[in-house]
Amino acid sequence: MAQTTVKPIKQPAATASWKTWLGVTPFLIFAVLFLFLPSLRLFTASFTNPEGKFTLDNVTQLVSEPFIVNAYKLSIQISAVTALGGGILGFLMAYSVTVGGLPKSLRSALITFSGVASNFAGVPLAFAFVATLGRQGFITHILRDYLGLNIYETGFNLYSFAGLSLVYMYFQFPLMVLIMAPALDGLKREWREAAENLGANTTQYWLKVALPVLLPSILGAMILLFGNAFGAYATAYALTGGRIGIVTIQIGAQIRGDVLYNPGLGYAMAIGMVVVMAISLAGYSWLQARTERWLK
Amino acid sequence: MNFFSRLRRFPFWSWVWFIIGALYFILPLFATFEFSLTWDPEIPLKAYQRAFEDNDFWETFGYSNMLALATIIASVILIVPTAYWIRLRLPEARRIVEFITLMPFVVPAIILVFGMIRIYSSPIDVPFTEIQLMQPLTNFKTGTNILIVAGYMVLAMPYMYRSVDTGMRTVDIRTLTEAAQSLGANWFVIITRIILPNIRSALLSGALLTFAIVVGEVTLATFLGVNAFGPYLFLLGQHRAYEPAALSFISFLLTWAAMGLLQLVSGGQGQAAGAH
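The listed protein sequences derive, respectively, from chains A and B. With numbering that gives the first Met the number 0 applied, the first sequence corresponds to residues 0 to 295, in that order. With numbering that gives the first Met the number 0 applied, the second sequence corresponds to residues 0 to 275, in that order.
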């Protein structure tokens with residue numbers, strides 16, 4: 000009787016010898032020394048009080064202390080708002096230069112500029128927005144002189160939630176452009192032709208074909224934007240001088256200890272941040288895997 | 000094509016979105032530039048003169064450039080052989096190494112720097128003995144420099160690794176290696192004379208991104224107490240009005256020049272965000 004069962008093909012050389020692994024040890028050692036050990040050390044340090052004794056206080060304060068809970072809330076809100084706002088604007092811009100029918104030259108200009116702007120953060124960015132939307136800012140003046148609109152009387156304040164969100168968006172939406180442009184390029188012309196042959200109009204094509212295909216990568220990119228804003232420190236610090244209570248600034252205040260000084264609490268908050276970031280990154284890679292099925 | 004059908008094909012909404020975004024890009028830049036000129040109507044470039052006259056500016060800026068250079072060189076030495084080895088011999092390490100290179104996205108700079116200070120502000124001992132290998136790294140200048148360069152290497156890792164790996168995808172590593180080996184080349188020669196020249200545009204893109212990340216970096220430099228350009232600009236901003244605007248504008252132009260160069264060389268591959 001003939002053998003009918005097909006044996007699974009064994010992967011050749013499934014186990015590399017330990018000598019082969021030596022090739023990546025310098026990298027692994029570096030990662031342990033300057034990435035894992037420091038993070039791990041913060042983890043253990045978050046269980047010590049200022050006197051160096053073991054305590055669970057810091058961790059319980061994470062969920063009980065109102066100013067900490069509010070700091071996380073504020074950080075999450077600001078990251079979510081700028082991820083959504085930056086994501087939408089970035090997507091629309093990426094759309095307009097890829098499949099939106101704008102001249103090719105605008106595309107490369109936009110991509111270059113996005114590369115710059117997504118790296119343009121920290122102190123210079125804060126100054127740029129003070130010059131633009133501060134009390135004596137360029138746009139503040141234009142609105143007041145030509146439209147009679149004093150934005151500071153309507154309740155706008157650059158050093159508040161709304162202001163900080165506008166500033167963060169400056170590096171958020173270019174990042175979205177950089178991520179979405181290749182994904183939009185991946186939309187196949189045949190899909191559109193097929194949809195049109197079946198009688199679909201533009202709206203139907205976008206709602207029924209393009210958006211469902213793009214959705215995982217849009218959401219994934221927005222998660223990346225979320226993490227991007229969540230970890231930001233320098234921009235907010237330079238803009239508000241540490242007066243806005245987002246998590247990164249609170250951590251800095253706890254550990255540097257100008258007024259507040261409880262490093263253990265700062266470390267615990269830091270670990271809380273890592274947890275939030277890890278969750279968002281896990282979401283990102285999951286969505287990434289789903290997108291790759293379509294856009295290869 | 001008559002006028003109306005051409006009008007129908009005019010991508011109106013695309014232009015709207017593009018112009019909104021372009022204004023968002025340009026207005027803050029323009030406002031910064033305009034503000035930097037208003038110090039003295041007689042001498043429009045006074046802010047720039049004053050900024051450049053300051054010795055601290057040249058010192059911190061030069062220092063940050065040195066740090067960037069050191070970071071780039073050290074990253075290349077660490078990452079190129081690793082990425083090469085993984086492609087050639089150890090594909091099963093790919094997932095774990097890629098995961099590690101993504102870690103800096105999860106661990107923000109502020110966490111990294113406090114962790115490093117915690118660890119390296121105490122003397123380094125041989126485990127389980129009283130023998131002291133080295134005094135605390137944070138106590139002397141070279142030690143601090145090592146720490147900050149290592150920190151910058153971590154921050155730049157996602158971009159550097161991705162650039163290098165993408166670069167290696169486009170050349171046939173295996174054939175090149177076999178050819179070199181049959182001509183008697185050793186590993187060092189293969190990497191420096193064969194691999195590096197073949198991925199130079201990828202290396203350049205990684206290097207420029209690293210440069211953009213390092214030169215204006217504030218968090219690590221502040222908490223490690225290093226006299227870099229980022230903290231200098233921050234301090235200047237608290238005491239002065241016009242010089243920081245001038246320097247902000249200049250630093251944007253510098254980043255732009257770097258990115259423009261990158262675009263020119265690599266055709267737009269391998270860009271992503273820096274540390275904020």
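It should be emphasised that the hints constitute simulated quantities derived from the structure, not laboratory data. On a predicted model such as this, the values are computed, not experimentally measured, just so you know. For each residue, glycine too, the CB sits at the ideal point set by N, CA and C. Be aware that a few hints might be false.
Said to hold, decoys possible - Over the 12 Å line for every Cβ pair with chain A, so calculated as not near, a few chain B residues: (1) G61; (2) A69; (3) A178.
Said to hold, decoys possible - Cβ pair distances, simulated, as ranges: (4) B/N138 <-> A/L55: 26 to 34 Å; (5) B/W186 <-> A/E192: 47 to 55 Å; (6) B/L253 <-> A/A199: 47 to 55 Å; (7) B/N138 <-> A/Y145: 54 to 62 Å; (8) A/A79 <-> B/L253: 27 to 35 Å.
Go ahead and decide if the range 26 to 34 Å is satisfied by the Cβ distance of B/N138 to A/L55. 33 Å, holds
- Satisfaction of the hinted span 47 to 55 Å by the C-beta atoms belonging to B/W186 and A/E192: 51 Å, holds
*How does the Cβ-Cβ distance of A/A79 and B/L253 compare with 27 to 35 Å: does it lie in that range?*
32 Å, holds
Exercise. Beyond 12 Å from every chain A Cβ: check whether that's true for B/G61.
Key: 18 Å, holds
Would you check whether the claim that B/A178 is not at the interface survives, using Cβ distances to chain A and the 12 Å cut-off?
20 Å, holds
Review point. Can the suggested window of 47 to 55 Å be confirmed for the beta-carbon pair B/L253 and A/A199?
Key: Since the Cβ atoms of B/L253 and A/A199 sit about 48 Å apart, the hinted range of 47 to 55 Å holds.
Is it true that the C-beta distance of B/N138 to A/Y145 lies inside 54 to 62 Å, as the hint says?
58 Å, holds
(request) Mind verifying the non-interface call on B/A69? Its CB should be farther than 12 Å from each CB in chain A. (result) 14 Å, holds
Checked against the numbered hints above, the structure violates none of them.
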